[in-house]
Amino acid sequence: MSKETQKNNNYNTEILNALAFKYSVTVNYIRKCLRGSRKGKKPEIIILEYEEGVKQYQKGMQPIISKFINEN
Numbered sequence: 001m002s003k004e005t006q007k008n009n010n011y012n013t014e015i016l017n018a019l020a021f022k023y024s025v026t027v028n029y030i031r032k033c034l035r036g037s038r039k040g041k042k043p044e045i046i047i048l049e050y051e052e053g054v055k056q057y058q059k060g061m062q063p064i065i066s067k068f069i070n071e072n
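When you number the sequence shown by my numbering, it's gap-free, plus one each residue, and the end is 72.
The set of hints was computed from the structure by calculation and includes no laboratory data. What you were told as hints is all true, and nothing was included just to trick you.
Taking lysine-lysine and the DSS-like style, the derived pairs with C-alpha atoms no more than 27 angstroms apart in a straight line are:
| # | residue 1 | residue 2 |
| --- | --- | --- |
| 1 | 22 | 59 |
| 2 | 3 | 32 |
| 3 | 42 | 67 |
| 4 | 7 | 59 |
Label pairs and their computed distance ranges (CB to CB):
| # | residue 1 | residue 2 | range |
| --- | --- | --- | --- |
| 5 | 6 | 66 | 33 to 41 angstroms |
| 6 | 21 | 59 | 21 to 29 angstroms |
| 7 | 21 | 41 | 17 to 25 angstroms |
| 8 | 6 | 71 | 33 to 41 angstroms |
| 9 | 59 | 4 | 28 to 36 angstroms |
All C-beta atoms in this analysis are idealised placements derived from N, C-alpha and C, irrespective of residue type, glycine included.
Please take these sequences and the hints and turn them into a complete structure.
Encoded structure:
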C-alpha cells in the first residue's frame, strides 16, 4: 500500500508579510487564502497580488513589496 504524499507549499515570507500589513490581517490568513481555504472577493484579490508579487520578485524587482506597504 502506498500513502499519498501532500506537498507543502513554500510561500515568499516577505510578500506574505507585506500583504498582511497592507490588509491588516494575519500571515496565517494570507496563507489560507492562497491555499484556497478562504472564499470571497478579498481572498481573490490577495491571491492575484501575491502572484503579481512573486513574478516581480523573481525578476529581481523588490519595489513591489514597498508598493504593498506604502499603499495604505
